[in-house]
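Listed below are the residues making up each chain.
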Amino acid sequence: MPLEPATALVLRTVDWSESSLVVTLFSREFGKIRGVARGGRRPKGPFESSLDVLSRCRIIFLRKSSDALDVLSEAKLIERFRPFERGLPALQAGYHIAELLDAWTDCYDPHPQLYDLTIATLAELRPQTPLGALLLQFELAALRLLGYFPALKECVHCGAVVQPQSRVSFSCLEGGVLCVSCRPGKRNVISLSNAAWQIMSQLPLLWDDDQTTTEKEASDARQRKLDVDGLRRLPTDGLGELRPVVSQYVNHLLGFMPRTQASLGK
Amino acid sequence: MISESVSRLIEEFSKLPGIGKKTAERLTYHVLRVHEAEALQLAEAIRNIKLNVRYCEECYNLAETEQCAICRDSRRDRSRICVVEQPRDLISLENTGSYSGSYHVLLGRIAPLEGIGPEQLTIDRLIERVQQGGVKEVIMATNPTVEGDGTALHISNLLAEFPLEITRLARGVTAGSVLEFANREVLTDALTGRQKF
Chain A
315 MPLEPATALV
325 LRTVDWSESS
335 LVVTLFSREF
345 GKIRGVARGG
355 RRPKGPFESS
365 LDVLSRCRII
375 FLRKSSDALD
385 VLSEAKLIER
395 FRPFERGLPA
405 LQAGYHIAEL
415 LDAWTDCYDP
425 HPQLYDLTIA
435 TLAELRPQTP
445 LGALLLQFEL
455 AALRLLGYFP
465 ALKECVHCGA
475 VVQPQSRVSF
485 SCLEGGVLCV
495 SCRPGKRNVI
505 SLSNAAWQIM
515 SQLPLLWDDD
525 QTTTEKEASD
535 ARQRKLDVDG
545 LRRLPTDGLG
555 ELRPVVSQYV
565 NHLLGFMPRT
575 QASLGK
Chain B
3 MISESVSRLI
13 EEFSKLPGIG
23 KKTAERLTYH
33 VLRVHEAEAL
43 QLAEAIRNIK
53 LNVRYCEECY
63 NLAETEQCAI
73 CRDSRRDRSR
83 ICVVEQPRDL
93 ISLENTGSYS
103 GSYHVLLGRI
113 APLEGIGPEQ
123 LTIDRLIERV
133 QQGGVKEVIM
143 ATNPTVEGDG
153 TALHISNLLA
163 EFPLEITRLA
173 RGVTAGSVLE
183 FANREVLTDA
193 LTGRQKF
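Top to bottom, those sequences are chains A and B.
Going by the working numbering, the first sequence opens with residue 315, and the numbers climb by one from there.
Going by the working numbering, the second sequence opens with residue 3, and the numbers climb by one from there.
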């Protein structure tokens, strides 16, 4: 079985033995990978302490054909996530992104655009960045890339175009907005202000997901893709209203509340 | 067929970290070979550690009385508290012989992805110790990982309101190595944490 090279973000590590780790990575080339890194806890050796949560590294691994864990043979650190420079809210947002990626993606289901979005978002997790808006943008853009984005233009029930009004009915259960005629009788419907509805529609579009083919091209494109200034201009009341709505929608899709969700914004 | 007692001991040994079936068998046959007194000493040592060892009420280091030997030692500098994740980290620092202050063991680190929050650690007791007064410096000696640094950051935020110095262990280039072979992250750490001559 051939050794496969990949560029990957570490989502999670679990101690396996005295010196080994079970690592969950999100790679650009293969999607999620779960593997054993024998000696991964030792500072010296083929992993050189690179397998830390939110670190980006180049890995070489042996892909197993059965359900068994893959075997990581080498990892070289590209970039480490540095909590002291980023601050606690940025770290909590980083944990949340890692948990969502682990829950949303399957092993060997590559999403290079989602990988690029993640790396670009992590790069912007800094004290001066509007973290709430950045995280909302990540969640909504990721939902769009994964095909889970809610229907916002047409009624999810009858398909009629929803006219902009002062408030819009949003249903997590149905997966989008409801027109005035379809709204009655529906459970768990949230009333969204027009400002929040506009932000929800536009936020994922701030991420330009042009298809890029290589890691190098993606790396060059990243800086122009994330419009942090655009996020700063968004109305704060609309963002504040959107946070619980998006969280509720994400929880509904996952079927559980992510552990890291409670710590966001604390 | 091997006897029930032998297979039970093999099974118990193989539950220990880093011990596989073969090593467990070797250890079991070693116990069978040695004198009865020596084997019973091992059993007694295991029994004692479970019955007598507890956490120090002050710093959560391992102790056999209410306070550990370090907290009872009047020569230790109580104005400095070194915060570590586990008792084994404390032992590593003590083995250097270059620190004479007190310690605080967190008994873990904040790991939200594993469901471990600050309330599951001994952070409240650390804050109480600082509130009691007399502490001039808190040294963050958590592991230099994202979770270790995150834990240190959380604690330093909680301690920010107190009039004390918060420091963390230096990191960077290993003494005796050469810069040419140090990776980018290590050199960044070394430059960030540079010191005055």
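By construction, these hints were calculated from the structure, which means they are not laboratory data.
Each residue gets a CB set at the ideal place from its N, CA and C atoms; glycine is no exception.
Check before you lean on any hint, since a few could be wrong.
Computed beta-carbon distance windows for the label pairs [claimed, not checked]:
{"#": "1", "chain 1": "B", "residue 1": "K23", "chain 2": "A", "residue 2": "D329", "range": "15 to 25 Å"}
{"#": "2", "chain 1": "B", "residue 1": "R35", "chain 2": "A", "residue 2": "S331", "range": "20 to 30 Å"}
{"#": "3", "chain 1": "A", "residue 1": "Y462", "chain 2": "B", "residue 2": "E121", "range": "24 to 34 Å"}
Taking beta-carbon pairs under 8 Å as the criterion, some of the chain A residues facing chain B (in silico) [unchecked claim]:
{"#": "4", "residue": "R355"}
{"#": "5", "residue": "E388"}
{"#": "6", "residue": "L391"}
{"#": "7", "residue": "R394"}
{"#": "8", "residue": "L405"}
Each hint, compared with the structure:
Evaluation of the 15 to 25 Å hint for K23 of chain B and D329 of chain A yields a pass: the beta carbon distance comes to about 21 Å. Hint check: R35 of chain B to S331 of chain A, Cβ distance near 28 Å, so the stated range 20 to 30 Å holds. Distance hint check: the CB atoms of Y462 of chain A and E121 of chain B are about 33 Å apart, consistent with the given range 24 to 34 Å. Nearest Cβ of chain B to the Cβ of R355 of chain A: about 10 Å, over the 8 Å cut. The hint is violated.
Residue-level restraint check for E388 of chain A is violated (minimum Cβ-Cβ distance to chain B is 14 Å; threshold 8 Å). For L391 of chain A, the interface hint holds, since its Cβ comes within 8 Å of a Cβ in chain B; the closest pair sits about 6 Å apart. Here the hint on R394 of chain A is kept, as its CB sits about 5 Å from the closest CB of chain B, short of 8 Å. Here the hint on L405 of chain A is kept, as its CB sits about 5 Å from the closest CB of chain B, short of 8 Å.
Hint compliance for this structure: hints 4 and 5 are not met, and every other hint is.
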